[in-house]
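Model the full structure from these sequences, guided by the hints.
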Amino acid sequence: MAEGSLTEHPASGDVAQSGVEPPDSDYDGPTFAEMDPSGRYGRFDQVLGRGACKVVYKAFDTQEGIELAWNQVRGMEFMNNKDAENREERERIFAEVRVLKALKHKNIMSFSDSWYDPRAGTINFITELFTSGTLRQYRRRHRHTDPEVLKGWAWQILCGLVYLHGHNPPIIHRDLKCDNIFINGSDGVVKIGDLGLATLLRSRTAPQSVLGTPEFMAPELYEEEYDDRVDVYSFGMCLLELSTLEYPYAECKNAAQIYRKVSLGVRPAGLQKVPPGPPPPR
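Here the sequence shown stands for residues 1 to 282, numbered as in full-length UniProt numbering.
No lab work stands behind these hints, which were simulated from the structure alone.
Among the hints, a few may not be true.
To be verified - Here are the simulated distance ranges between beta carbons:
| # | residue 1 | residue 2 | range |
| --- | --- | --- | --- |
| 1 | Arg119 | Gln272 | 30 to 38 Å |
| 2 | Gln272 | Leu158 | 18 to 26 Å |
| 3 | Pro147 | Asp187 | 15 to 23 Å |
Quick caveat, the model's predicted, so the values are computed rather than measured.
Heads up, the beta-carbon is just placed ideally off N, CA and C, and yes, glycines get one too.
Right, dumping it as structure tokens:
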């Protein structure tokens, strides 16, 4: 498969048998639920995460002998339409995927392969697997964490953003939050993930819809007139969540209330819960 391309393939059942078993008859582990079109990656039924439009499964790279994550974005059937408008949208998605696969940075999730399954109407992509899940999950499991550790996480996130925004044109995440930042607990390495997901969601959503997570969205995102600074705003909200263990604007009951506060410049009530830092040096 060509490097940096999103290719269209038939359902994986046409290229490899479902439930592939290794030749060892004494093997007791799970079998693959399906294979990717090249036959390199096998997907297990084990679900690692689930969202409104995306399911993440555990996978295995048969060539490298390592476990990975198989991300499956559903609801992309429009890509089967061959009219000019959908053809243009397909090309835009393909172009963005090529950019994402070329990204190489220690604080950006690595992106190995991708393809479109026209029968299932899904875009599938293979990424590295994180043993400790999202930064939000990890922080909630480890509530007694030294502030210096939080600073270290924040620095790594910033390093990833600087790399993304340093491209020409800048690569904008548009949905940065602790749910989209991942960590390996064994070494503390933090990486920004789910890049390009906002693009895929925008493709399958009505043009007038606003995409993103309201608690982390800068005002400019609501107006669809923004630049890379919206990620800096979201980064600040990530720091607030890491400090308080709750979403920004947790005092609001719905997205409309959040939008009203954000548009009026009202700060999240959670800022009052941020622990005081050390006194400034004299």
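Hint-by-hint comparison with the structure:
{"no.": "1", "hint": "Arg119 - Gln272: 30 to 38 Å", "in the structure": "violated (52 Å)"}
{"no.": "2", "hint": "Gln272 - Leu158: 18 to 26 Å", "in the structure": "holds (25 Å)"}
{"no.": "3", "hint": "Pro147 - Asp187: 15 to 23 Å", "in the structure": "holds (20 Å)"}
Hint 1 from the list above is the single one not met by this structure.
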